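*Asks:* The lines below spell out each chain.
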Amino acid sequence: MGTLDRIQYRPIPVRDLLVEMKDMSELMIDLAYSSALFNSRELAEEVLELEKCVDSLAYLLDMSAMIAVRNPSDAESLVGVSVVASAIDKISDAAGDISAIVLRGIGIHPLVREVFEKVEERLIRVEIKPESILVGRRRGDLKLASRIGANIIAIRRGRDWIINPKEDETLQKGDILIARGAPLGIEELRQVAEGILKNWRNRRGARRKAV
Amino acid sequence: MIDKMAELKDTSELMVDLAYSSLLLNNRELAEEVHALENRMDDLHTEFELLVLTRCITPEESKDYLGLIRLALVSENIADAAAQIADVVLRGLKPHPVLRLAIREAEETVMRVPVSKGSVLVGRNLQEAQIQEETGMWVLAVRRGDAWLRPRPDLVVKEGDTLIAAGYAGGREDLKQLASGKPAQT
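In order, the protein sequences belong to chains A and B.
If you count the first sequence from 1, position 93 lands on 133 in my numbering, and the numbers rise without skipping.
If you count the second sequence from 1, position 114 lands on 197 in my numbering, and the numbers rise without skipping.
Hints may contain errors.
Computed beta-carbon distance windows for the label pairs [what the hints assert, rightly or not]:
no., chain 1, residue 1, chain 2, residue 2, range
1, A, I202, B, G206, 17 to 27 Å
2, A, M106, B, K177, 44 to 54 Å
3, B, V239, A, I236, 42 to 52 Å
4, B, G206, A, L44, 50 to 60 Å
5, A, A185, B, G206, 38 to 48 Å
6, A, M106, B, G206, 53 to 63 Å
7, B, K177, A, N79, 24 to 34 Å
Away from chain B, derived, C-beta distances all over 10 Å, residues of chain A [said to hold, decoys possible]:
no., residue
8, Q48
9, Y49
10, R55
11, K62
12, C93
13, Y99
14, S113
15, E116
16, A127
17, D133
18, V155
19, K158
20, V175
21, R179
22, G180
23, Q231
To spell it out: a stretch of chain B is covered by chain A in this simulated footprint if at least three of its residues, at any positions, have a beta carbon under 8 Å from a beta carbon of chain A; those stretches are [what the hints assert, rightly or not]:
no., segment
24, 85 to 98
25, 118 to 128
26, 164 to 173
27, 235 to 245
If you are wondering where the hints come from, they were derived from the structure by calculation, not from laboratory data.
Since the model is a prediction, treat every value here as computed from it, not as a measurement.
Heads up, the beta-carbon is just placed ideally off N, CA and C, and yes, glycines get one too.
Whenever a hint applies, use it, and build me the whole structure from the sequences.
*Replies:* So, in C-alpha cells, the structure goes:
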C-alpha cells in the first residue's frame, strides 16, 4: 500500500462533500464489478485511487461537521450526516474489496459471468466501430440515461482510461466503452456502438395525457 | 448458486436505493423495508456460503471459489451500509437538510399503491407504462407477494402488485387512478 495523504481542513460545504462521496461510491461499485467481469487490473487500480479520494473526503466531511456543531440539537442533526457518510465510505470500501480480488489474482470464477447475465443491472464493454452513429457525438448530447436507462462509466482510448467521462467528452471510433444499465438499454447501446443499429429505437410514444 | 449470487447483488443494490429514499423522504416504512431485506440478505448469504462449502472443490479451483465467496461478502457489506443509512431514519434523528439536498431534489411524498385488475398498467412493462411521464411519480420498488422487485424498464406489472413510488404530491392522485383502473373523475 502507498502512503496516505496528509489531511488538512479545507472549507468545502458538507453538501458538496456528501454529493461527491455518494456519486463516487456508486461509480466505484460499477467500475469494480467491471474490473472483475472484464478482468482488468487497470480498472481495479482506478477503483483503489477513487477509494483513497473517498477516504479523504470522509475526513473533510467529519471536520466540517464538527465545526458546525454549536449545541446538542446541531449534534443530533449532524450525527446522521456523519453516519450516512460513513455508510458511503463502507460502500466504497466494498468496491475496493472487489478490486482487491482482481489485483491479488484471487480468481474470478466462470460462474461470475453467468451471474452477471442474470442481475438487473448489466455491464458491458463495447468498442465503437467507425460506422457507429456514436462517433463524434458528445457524451452529454446522447442523453443515454433518459433514452435507454444506461450510462457510460469509463472509456478506454488508446492506452488511457477516462473514468466517469464528462458531458462534453466527444466519443471517437475505436473507443472502448464500459457502460452500465438495464438489460434492454445496454443491448441497444451495444448495437449502436457496433454500428448494427443506425438509429436509436424510438420508444417514446409519449402521448401526453389529455387534460 | 448463480441465482443466489445474483439475488445477493440485486438485493444489496435495491437496499441502497431504498435506504436513500427512506432518508430523502424521512419515511420509516421504507427504512423498515431495508431492515427486512437485511434479514433476507443474511439468510441468502448463509445459504450461498453453505452451497460453496458443500461443493467438492479441487485445489486448482479453490482460488476461483474464494473469489466467489469474497464477492458475496461485498454484497453483504453493501447491504450493511444500506441498513446503517436506514438506521438514521429508524432512530428518529432529525434529518439534517443537507442529507436531502445531497440525495437530490427534495421530494414531497412517497406512497404505496396497489395495482387493481383493470388498471392500464397490468400487462405492461414499466417502460411502456410511462408512469413518470403520466404522473411525475417514479417507481422505487415493486412488491409482489413476499418479493421485492427492482423497477427495471422491462418489468411487467401484474394485478396485485404494490408499487412504491416517490414524487411530488400532485402526482399521488394520478398514480392512484392509473393503478386503480377506475376512469378519471372529471
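*Asks:* Which of the numbered hints above does this structure break?
*Replies:* 1, 2, 3, 5, 7, 10, 11, 14, 15, 16, 17, 18, 19, 25
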